[in-house]
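Participant: First to last, the protein sequences are chains A and B.
Each number in my numbering corresponds to the 1-based position in the first sequence with 79 added.
Each number in my numbering corresponds to the 1-based position in the second sequence with 2 added.
Mixed in with the good hints there might be a few duds.
[To be verified] Derived BS3-like pairs: lysine-lysine, alpha-carbon spacing no greater than 27 Å straight-line:
hint, chain 1, residue 1, chain 2, residue 2
1, A, Lys147, B, Lys121
2, B, Lys89, A, Lys144
3, B, Lys205, B, Lys183
4, A, Lys147, A, Lys135
5, B, Lys128, B, Lys205
6, B, Lys205, A, Lys147
7, B, Lys89, B, Lys121
8, A, Lys147, A, Lys164
9, B, Lys245, B, Lys121
FYI, nobody ran anything at the bench for these hints, they're computed from the structure.
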Amino acid sequence: MTIPMHDIVITGFSTITAAGAGLEPILELIRSGRDALTPVPAEHGSGRWGKALGFKATDHIPPLKTRKLDRCSQFAVAATGLALKDAGITRDTLPAERIGIALGCGFGGVANSAEFLTGYFADGADGASPMLFPNTVSNASASNASIEYGLKGPNVTQVQRFCSTESALMMACRFIAEGRADIMVTGGVDDLTPLMLSGFAATGQLRRYAEHFGEGCGLLVLESAEHAAKRGATVKGRIDDIRTVGLLLPGREPEGIDHLLGGCGIPDVISLSGTARVVPEFEERIHGIPSLDTGCVTGHSLAMGGVAMAVLLASLLPGQFGLHLAASPEGPYFAIRFSGGASVQP
Amino acid sequence: MSRRRVVITGLGVFCGAGATVPEFTSSLLDGRSGIAPLDLFDVSAFPSHIGCQVKGYDPQAHFDRNTVRKLSRADQFATIAAREALKDSSVTGQYSPYDIGVSMGAGAAGMFQAEQWLKAEHSGQKASPDLLRGILPDSTTTVLARTFGLAGYQGTVTTACSSSATAIGWGADLVATGRQKAVLVGGSDALSLLTFAGFNSLKVVDPAPCSPFSLGRQGLSLGEGAACMVLEAEEDAVARGAKIYGAVLGYALAGEAHHMTAPEPSGVTAARVMREALQLAGAEPARVGWVNAHGTGTPLNDVVESNAMKLVFGDHVANVPLISTKAMTGHCLGAAGVIEALATVIALNHRVIPQTLNFRGRDPECELDYCHNGSRPSECDMAMSNSFAFGGNITSLVLAR
């Protein structure tokens with residue numbers, strides 16, 4: 080499935096990861112060949128993870144509000160504020176109904192669900208906390224961000240394996256193309272807890288796809304080129320094309336790959352997200368092309384594609400072609416084409 | 003990009019109010035509720051002991067033992083409903099599998115099994131890791147795509163109780179713009195301790211069967227189940243001689259940006275979403291025969307939704323009944339949007355406006371026509387279906403026969 084994009088540009092970014100807040104710490108780690116992964120505390124397991132240990136929610140959100148938010152929502156609220164600021168959007172300067180949010184969120188609500196149930200298992204109905212329950216839903220992050228910044232446009236959360244962010248980005252682009260919104264905040268957010276590591280260990284995923292998992296948030300601010308030009312925003316890149324298939328059918332893989340990559344040309348830089356690095360059909364296509372895999376630097380997760388796309392865009396020279404590939408072990412697969420650089424003309 | 007009219011060519015359902023489309027239709031037309039005492043887990047600690055459970059469910063009547071082990075209760079429900087919808091539409095094989103997508107909405111998903119793993123983990127017991135297989139809400143979409151070999155778009159909307167309504171609108175958009183030839187849309191959710199204890203902790207569960215828009219209502223009744231629809235472009239469906247049940251004319255969605263659990267009291271955002279859905283459907287409000295409400299039966303929701311109706315329909319509101327099928331199905335959370343859309347399409351086809359069951363008395367704050375006294379015949383060909391959710395997420399669908 081192909082979605083050609085004609086005039087959707089990126090005017091803001093934000094990332095919060097194990098490397099810290101902002102893109103520069105990640106870019107510096109990539110340049111120096113290092114990573115931000117730290118040892119998992121012995122009481123929780125072994126190996127390394129991309130825990131955002133330096134993240135302090137109260138640096139970004141008033142303390143009283145911070146207390147009401149689960150960690151995933153804290154990431155999303157903080158990163159939304161940073162992304163809007165980066166895009167030069169301040170509250171009440173644009174119609175709230177025309178600004179929306181579409182986030183991918185893989186594990187949102189899991190931590191609060193576990194805490195809520197733990198209270199119930201320990202103390203029965205009296206232990207079931209009404210304070211915890213509202214943030215057990217997967218859309219808590221996007222909705223809390225919309226409440227904090229008064230975003231009243233389209234509001235959606237998507238989860239689809241390692242491509243949760245890309246699924247959300249596709250909806251965000253469509254909402255702008257359809258005229259449902261002028262501006263969409265989009266990207267992905269995930270948190271990581273010791274209990275999740277226990278779950279990964281129990282299901283054998285720690286030895287497979289969940290090794291070196293991380294947490295954080297990566298967001299892009301999208302708008303039409305016309306809208307960006309009208310408000311004098313700096314254009315940081317452009318989305319040229321989004322393609323996706325759900326499965327690569329046995330025996331019909333070339334057809335699926337053609338849906339994704341047919342005629343897309345040779346990119347200058349490739350970003351790999353989810354399990355894209357180990358998809359055999361991708362390997363021959365990306366051989367010899369400079370590639371970025373931010374998951375190896377700050378940790379993988381289901382909705383870390385926003386971090387990967389922000390880093391890709393920041394790495395592209397003006398006019399360069401960047402290709403973001405995302406994949407999941409059971410599908411889906413995404414190929415998203417970007418044009419990079421601040422000099423991109425709307 | 004030109005838009006194509008999107009039609010519904012397959013229906014499937016598996017929920018507490020009916021295990022097949024004919025059963026569900028019979029419940030809808032006869033005004034028969036599936037809300038009854040629960041026995042899925044121990045509810046003795048709560049004020050409410052009822053819900054709309056899929057009673058007497060035997061997984062092995064539908065799946066082999068290995069599949070039962072691998073699929074969560076919610077994923078099993080979804081597979082049963084999808085199988086009925088796909089068979090009904092005969093769409094499989096009509097198009098390349100890469101041109102058929104899956105767009106589902108989800109809520110608590112496989113939490114019913116996952117919470118058993120958590121309980122065992124806390125008590126130091128060994129539990130099967132299979133209990134965690136369906137914990138994430140995208141599991142249902144993955145299972146359906148793989149089970150039925152649908153290799154096109156895969157996505158799962160997770161906006162709590164509006165999830166599957168949005169999944170329908172989004173799936174329809176993929177077809178309308180020609181990006182997919184067909185999309186299997188729907189949603190699935192199973193009862194769980196998390197949601198049962200959670201809504202009870204918020205004190206919004208009625209000890210008696212929920213009575214939307216009635217005086218003295220105390221809240222919702224929870225339910226579970228799945229429903230699916232097959233969406234295709236009208237020209238393709240007609241060309242292949244498919245049975246057409248109706249059309250998804252448009253949808254709209256927004257966030258209220260107000261509060262995580264309380265709706266904005268005036269209903270102004272809900273009204274904006276309904277108006278935008280009608281506008282995108284190219285329909286005047288006067289064409290809407292009735293509205294299938296979110297209608298949970300909580301004191302606040304029902305007043306807000308009634309307010310939104312007045313804002314949308316103005317002086318005409320008395321002619322547009324606002325009904326709730328949740329008194330029949332319970333609130334099926336992630337599956338609520340599609341189960342209600344299904345009920346709407348079935349009612350349009352049978353030319354009736356369904357009854358809102360369990361009337362307890364007229365609430366002065368709910369002063370519209372809610373069809374409390376019984377279903378009624380209607381020749382209208384268009385209705386809306388509303389879904390509201392935690393986080394202030396609102397989705398409205400415009401459906402036609």
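Participant: Which earlier hints turn out false for this structure, listed by number in ascending order?
Facilitator: 2, 3, 5, 7, 9
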